[in-house]
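Given next are the chains, with one letter for each unit.
2 protein chains.
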Amino acid sequence: MLQYPGFDFKILHRDGKTSARIGRLTTPHGTIETPNYIFCGTKATVKSLSPAQVKEARTDIILANTYHLMLQPGADLVEKMGGLHKFMQWDGPMLTDSGGFQVFSMGHGYVADEIKGRRKSHDNKSLLEISEQGTVFRSYVDGQKIKLTPESAMDIQKKLGADLLMQFDECTPYHATKDYTARSMEMSMRWGDRCLAEFERGHNGKQAVYGIVQGGVHADLRRISAEYTADRPFFGTAIGGCLGGTDEEMHTTVAASMPFVNPSRPVHFLGIGRIKDVFTFVRLGIDTFDCVIPTRLARHGTAFLKGVKGETVNLMNARYRDDPTPLDPENDIPASRDFSKAYIHHLLKAGELLAPQLIAQHNVATFNRLMREVRAAIKKGTLDKLEKEWLP
Amino acid sequence: MLQYPGFDFKILHRDGKTSARIGRLTTPHGTIETPNYIFCGTKATVKSLSPAQVKEARTDIILANTYHLMLQPGADLVEKMGGLHKFMQWDGPMLTDSGGFQVFSMGHGYVADEIKGRRKSHDNKSLLEISEQGTVFRSYVDGQKIKLTPESAMDIQKKLGADLLMQFDECTPYHATKDYTARSMEMSMRWGDRCLAEFERGHNGKQAVYGIVQGGVHADLRRISAEYTADRPFFGTAIGGCLGGTDEEMHTTVAASMPFVNPSRPVHFLGIGRIKDVFTFVRLGIDTFDCVIPTRLARHGTAFLKGVKGETVNLMNARYRDDPTPLDPENDIPASRDFSKAYIHHLLKAGELLAPQLIAQHNVATFNRLMREVRAAIKKGTLDKLEKEWLP
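Note that the protein sequences, when read in sequence, are chains A and B.
Numbers 0 to 391, taken from numbering that gives the first Met the number 0, label the letters of the first sequence in order.
Numbers 0 to 391, taken from numbering that gives the first Met the number 0, label the letters of the second sequence in order.
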């Protein structure tokens, strides 16, 4: 049976009241404590930041996106350049997704919106075909037809060389019928088996595969999908797909999945990660989060701050024009400690690239500090108190 | 008579064959060796870079632009925030220009093009009035009418708080007649006297003023203007205005000015600074250069490299797609040493902000290394040999 010799996941501590847990996740590129936050380096760069700045913000782990990288610069080029770690100069743990999310998000209307319950239906012709075999879509870079299958998704991820890989799956949208969602989930399960088989052929012992729980907002489907992942030799489990339109629906959907995942494996929550989500879902047993918001919102002038209503402030707001205070000296990095809000407001108004750089680094540092404080609170049993400090 | 107690300029060494010299320039924010390069922090940020990155690239001195800062965020705000050094978190020597260059470049068609001999005439209505009193122009930020006079230019620069200030002058374009250029130069001389008088009122001993040599491409006018600056209690001399359309014309114009400047004062060359210019004009006695090109060209993918034809390479070029070599490991910073050209090419194609960040830092580091090597070569009398290494 498939084994992952360079990898390990140990649960070190469990919360008394909830399913929150402290884990230690070991990969060939280092060991991290969980719960933790995986920052998006979509196109082989955490947007606006150098690897040194990502590290200075005390980041433990990042991810990159197979879909974007397979189109440009291409997996063969990344492999030729020594793999993603060397290419982007990140020597810590790294995850890649399978490409499925982006392929389907462009085909089904934007799945990213759907997952978070924003119902828009875009007519996008980039997805040309979905079949048992896999999918055919059109490249946004040069318009070429590209085929992505469970086998090629694994092959590409092997070439990229991240530590943690994702199985190929179909990410179904909110507006799909239960029947479509069920048939799609079953196909994703068969795709998962093909991914494991393909991975096992010639894998080098330095990568490990996660299975993905699908099933839309339907508790019975989520259970089937979670049990499937638990039964197969995946290293970890990811919660994916459509989770519903409200915080409550998302909670219900994840809660329906978690009792049936393999409890000794790390559980990753795909694409979700506001501060409130971290507090909600560590209590359900989520070990790692990822989301583009820390760096994406930075580009729009939005900074995450501990203890403010709604988690964020927008530094474009005129109230910051003459605010001499820094973003948050307790983050203890120059971006959060040394520059006044007035200066960052000025940079934003002037359209200077230093603005997203400073805010992105501040946001990454803030989420890393959130996760450190969450881990400490789980150990001490003070998660409720900590949540009130972050989200008054 | 006006004195500059916190300032000093000493000539430590002179080249045997040319007018090149090694100087030591002391300001309240530190001492630098000359010849040196002043990097443009136009709107209170060296574009794409944090102050830590500017420093890591071994930068000694930067400048900021009065014109841009007076319009946004405004000199009063910068003063309220503790001055430009604190506002932008740069604790080394700093220069501000007087605002004149930008005011007139927008009024006369683009002076920046004119200076470098690119004859374009734009019909730009932002300059509303030039008179003995000063100038009135329209803000590009909010369309308001703004008056800028010798007195207000000094007042604004006092509030900004840089170490080295520039007198207010009219920067005449290439297509101006000799008669216009002469009358303008004489007015700039009267404006220089008003700047000195205004500066002397209540100056705090932590700033020093440069006079500016105007006179277009006319040797006789350049001499008059240079002698004027030498006769007045300016701390330093700047060579400004239209210098001609070719390298030869620019050389002739500067050569016509230099014999008549005060030889014991630092001489700054305004807005000029390709690698070839540095070699040409240190030989005429220029002590400091400034130009936007290291950071501006970075945003278009252009990297300065020692020993390549034409000084630069464009990393957008397809030849770099799979080039595993770094930009220049001898710069000894991550941006120049750790990332492959293939990676930077990928970042540029993907439109990632890390591309201008890496290339800008590399370019700044390259110019700082150029200046270190130029200073060492002046001391050893090996400037010709060094020039061949940089510009084969």
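Honestly, I wouldn't trust all of these hints.
Claimed, not checked - Residues from chain A that keep clear of chain B, each with C-beta distances beyond 12 Å, as calculated:
1) Ile21
2) Ser47
3) Lys85
4) Lys144
5) Ala181
6) Leu283
7) Gly306
8) Ala334
9) Gly350
10) Glu351
What the hints assert, rightly or not - Stretches of chain A that chain B covers, calculated by requiring three or more beta carbons in the stretch to come under 8 Å of a beta carbon on chain B:
11) 6-18
12) 258-271
13) 354-360
Claimed, not checked - Here are the simulated lysine to any residue pairs, SDA-like style, with alpha carbons at most 25 Å apart:
14) A:Lys85 <-> B:Ser339
15) B:Lys275 <-> B:Ala255
16) A:Lys158 <-> B:Ala255
17) B:Lys85 <-> A:Asn313
18) A:Lys79 <-> B:Pro325
19) A:Lys340 <-> B:Glu78
20) B:Lys85 <-> A:Lys158
Rather than coming from a laboratory, the hints here were simulated on the basis of the structure.
We treat Cβ as the ideally placed atom computed from N, Cα and C, and that holds for glycine.
Now the hints, each set against the structure:
Here A:Ile21 stays apart from chain B, with its beta-carbon at least about 33 Å from theirs, past the 12 Å limit. The Cβ of A:Ser47 sits about 5 Å from the closest Cβ of chain B, inside the 12 Å cut-off, so the non-interface label is violated. At the 12 Å boundary, the C-beta of A:Lys85 falls inside the reach of chain B, the nearest C-beta of that chain being 8 Å off. Every beta carbon of chain B lies more than 12 Å from that of A:Lys144, the smallest distance being close to 20 Å; the non-interface claim holds.
Against the 12 Å criterion, A:Ala181 stays outside the reach of chain B, whose nearest CB is about 37 Å from its own CB. Taking the minimum C-beta to C-beta distance to chain B, about 34 Å, the non-interface status of A:Leu283 holds against the 12 Å cut. At roughly 24 Å from the closest C-beta of chain B, the C-beta of A:Gly306 stays outside 12 Å, upholding its exclusion from the interface. At roughly 8 Å from the closest C-beta of chain B, the C-beta of A:Ala334 falls inside 12 Å, breaking its exclusion from the interface.
Separation of A:Gly350 from chain B is inadequate, the least Cβ-Cβ distance of about 9 Å not exceeding the 12 Å criterion. Taking the minimum C-beta to C-beta distance to chain B, about 5 Å, the non-interface status of A:Glu351 is violated against the 12 Å cut. Coverage of a stretch by a chain is defined here by at least three residues with a beta carbon nearer than 8 Å to that chain's beta carbons; for the segment 6-18 of chain A and chain B the count is 0, and the condition is violated. Interface restraint, the segment 258-271 of chain A with chain B: violated (0 residues with C-beta to C-beta distance below 8 Å; minimum three).
Three residues within the 8 Å Cβ limit are the bar, and the segment 354-360 of chain A against chain B gives 3, so the coverage statement holds. At most 25 Å may separate the alpha-carbon atoms for a hinted pair to count; A:Lys85 and B:Ser339 meet this at roughly 9 Å. Of the pairs offered as hints, the one joining B:Lys275 and B:Ala255 holds, with about 19 Å between alpha carbons and a cut-off of 25 Å not exceeded. This hinted pair does not check out: A:Lys158 and B:Ala255 have alpha carbons roughly 62 Å apart, beyond 25 Å.
For the proposed pair B:Lys85 and A:Asn313, the alpha carbon gap of about 23 Å is at most 25 Å, so the pair holds. Restraint check for A:Lys79 and B:Pro325: the C-alpha separation of about 15 Å stays at or below 25 Å, so the hint holds. Taking the CA atoms of A:Lys340 and B:Glu78, the gap is near 15 Å; set against the 25 Å cutoff, the hint holds. Between B:Lys85 and A:Lys158 the CA atoms are separated by roughly 47 Å; this puts the pair beyond 25 Å, and the hint is violated.
Consistency with the previously given hints fails for numbers 2, 3, 8, 9, 10, 11, 12, 16, 20, ordered from lowest to highest.
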